[in-house]
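Visitor: Could you put the whole structure together from the sequences, leaning on the hints where they help?
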Amino acid sequence: MVLLPEKEQEVTTVADDQPVMSFRDVVKVYPLPAGDVTALDRVTFRVDRGEFISIMGPSGSGKSTLLNLMGCLDTPTSGDIYISGTRTGDMSDSDLTNLRRDRIGFIFQYFNLFPLLNVIENVTFPMMLKSQKSVDPEKGREVLRAVSLEEPLFTHTPMELSGGQQQRVAIARALINDPDILLCDEPTGNLDSKTGAGIMNLMTELNRKGTTIIMVTHDQHIAEYSHRTIRIADGRIVE
Amino acid sequence: MIFWEIAKRNTRIHLLRSSLAMLGIVIGVVAIATMGILGNSMVLAVTDSLRTVGDSVIVTPHAGGGGMFRGGGGTSGGSATLKITDQEFQQIQRASAPNVAIPVLQTADRMKLGVGSDDIVASIYGISPEDVPDLLKLKEGAYSRANSGCLVGAKFADDNKVKVGSRISIGTDGDKGALRVSGIIEERGMAFDVSTDSAIVVTKDWFDNAYNRNDYDKVVVKVKNLDDLPTVTTAIEKQLNKRDKIVDVMDTRKTMETIFQTFGQITTFVSAIGGISMIVAGVSILNIMMMSVTERIKEIGIMRSIGAQRKEVMSMFIYEALILGIVGSVIGGLLSLLGGYAVSSMMLQTTKYLFVPSSLISIVYGVSFGIIVSLVCGMYPAWRAANLNPIDALRHE
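Chains as they are written, first to last, in our numbering: chain D, 1 to 239; chain V, 1001 to 1397.
No lab work stands behind these hints, which were simulated from the structure alone.
Predicted, not measured: the structure shown is a model, and the values here were computed from it.
Some hints here could point you the wrong way.
Only pairs whose alpha carbons sit at most 27 Å apart, straight line, appear in this in silico DSS-like list of lysine-lysine [unchecked claim]:
| # | chain 1 | residue 1 | chain 2 | residue 2 |
| --- | --- | --- | --- | --- |
| 1 | V | 1254 | V | 1137 |
| 2 | V | 1242 | V | 1311 |
| 3 | V | 1163 | D | 130 |
| 4 | D | 133 | V | 1298 |
| 5 | V | 1298 | D | 130 |
| 6 | V | 1137 | D | 130 |
| 7 | V | 1008 | D | 133 |
| 8 | D | 139 | V | 1008 |
| 9 | D | 133 | V | 1254 |
Sample of chain V residues at the chain D side, in silico, Cβ under 10 Å [to be verified]:
| # | residue |
| --- | --- |
| 10 | 1005 |
| 11 | 1094 |
| 12 | 1097 |
| 13 | 1259 |
| 14 | 1260 |
| 15 | 1264 |
| 16 | 1266 |
| 17 | 1301 |
| 18 | 1310 |
| 19 | 1312 |
Where a beta carbon is used, it is the ideal one built from N, C-alpha and C, also for glycine.
Guide: As structure tokens, then:
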């Protein structure tokens, strides 16, 4: 992989036929005072390495629940979730946190950068979590160059950047620890169409270089950038 | 360390809020440390005044009945007063042997310090010349064995410009006779036995003749081995107070211990009042930290989602509380020096007890307490932040 050469070495440790992520009969029920709500009902699918998948569905269909489970932010009521061959159901909160840090990159609709940190610090933040010490900012610069952010902006704070620039920083942050999967929640939802197209071109380029991407979107036009679309309705995969 | 850096920046970006939280800690530390310094300075001042009499047992006639009223024609008024008889003195001497028992006579009288000067009234002690060196140290001149000589207290000498060799006429129009000053006694401060700073000391014989006395006002037993103080006290009590309580026996060390204990309690009480202000400051920190957590719920959610452990999120808020606590406490500690200087100057008229370890330790206590209170009050908000559900935190607007 051109963008992040270290990732290629890590990828080789996972068997080619092993999915990066798989769901088997995953059920998620939210117990509410008015009665239990089944957000996901026996969901089964797999994501192979190098795929670019979009997940679509109407509001309340279970997209967010699915994204939370894929991102190891939540645990299923029943069923199994595997990330790079590791079953997440038996993992402690600390292990799930490490899995998120090392294997999953998050991209949010509202960028969610840390306002107190500058661009380089934002990007290298997950690296610092991993190494538990200060890190060489050069890798951060390298990833920022790869997402086409201009060098003079590297020391700016997020508030000094445009929406598109902030999303590029967020993508760089998501990529810094060479994750197996990039989880994107409406990555262009807060951008104008031109900037959004730029971001989608960048993500297509990242996928072409080997990054597995799962993207939740409402926008059919954006979903067309992906290779495969999972449609979800009433907590079930319909297509 | 990135969480330390974030904590620092967050404190800086909310400078006014942080400063107000620190101000509470500053006030708390100053209150505790200043009160501690004042209390300790008072103890040291009293210790300085009393340390010369910590090795004595003072025997005085019992004032609460049971004793005998004996005519004491010595004082100018000639009224009946409580005295210790020669026989009782001998009993005290036997009970306290081999320690030295010093009988002391005491009165007050008019005296003239030179031709044309005004009369003054001062205390006069009558002590046998052979006992004086055991009781009093001179800063100038020499002890006198002659009845015509006397010693004067340091303050008496200063106030009345008396020097070695000066003449003092005692009594109205000098009717008790004239004495020549042979020495000036070292300053002793407050004392349980004899307070000579503003008095003169004459020989016992001269006193007996001048005031027609054959009894004593008190007996001072100088105990060589301090561990014997309780034994000597008990022995005298047993010897003289067998049936009726004739004398009061005071162990000066015990009395000093009681005084210091009382000062200690007062210091603790006053410092505890200072501690209340620290608790209020702690609540302020708790409040500000809770506010900080609430403001940053989304940020916490992002951190958790991209791989920050609970303990790392917790550490960030604890660092923030520590910054407030350390900066506030250190500023408070420095201001406590000024506060201690000010209260010592005002209340004790001296600052010589400020820079001694036992006073400075109050600042260390105050600073430590400030930091601990900040840390403790930052724990709950930090714990709350660390235990936020990342999904709920991410949704927070």
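Visitor: For each hint, tell me whether it holds in the structure or not.
Guide: Going down the list of hints, with the structure as the test:
1. V:1254 <-> V:1137: holds (23 Å)
2. V:1242 <-> V:1311: violated (73 Å)
3. V:1163 <-> D:130: Not OK: residue 1163 of chain V and residue 130 of chain D at ~84 Å, beyond 27 Å, violated.
4. D:133 <-> V:1298: holds (24 Å)
5. V:1298 <-> D:130: Holds. Residue 1298 of chain V to residue 130 of chain D sits at ~21 Å (cutoff 27 Å).
6. V:1137 <-> D:130: This hinted pair is violated, its Cα atoms lying about 75 Å apart.
7. V:1008 <-> D:133: The hint holds at about 17 Å.
8. D:139 <-> V:1008: Holds, because 25 Å separates the two Cα atoms, which is no more than 27 Å.
9. D:133 <-> V:1254: violated (60 Å)
10. 1005: holds (8 Å)
11. 1094: violated (80 Å)
12. 1097: violated (76 Å)
13. 1259: violated (56 Å)
14. 1260: Interface hint status for residue 1260 of chain V: violated (52 Å vs cutoff 10 Å).
15. 1264: It is violated, given that the least Cβ distance between residue 1264 of chain V and chain D is near 48 Å, above 10 Å.
16. 1266: violated (48 Å)
17. 1301: holds (8 Å)
18. 1310: Check passed: Cβ of residue 1310 of chain V comes within 7 Å of chain D, closer than 10 Å.
19. 1312: holds (7 Å)
Checked against the numbered hints listed earlier, the structure breaks hints 2, 3, 6, 9, 11, 12, 13, 14, 15 and 16; every other hint is satisfied.
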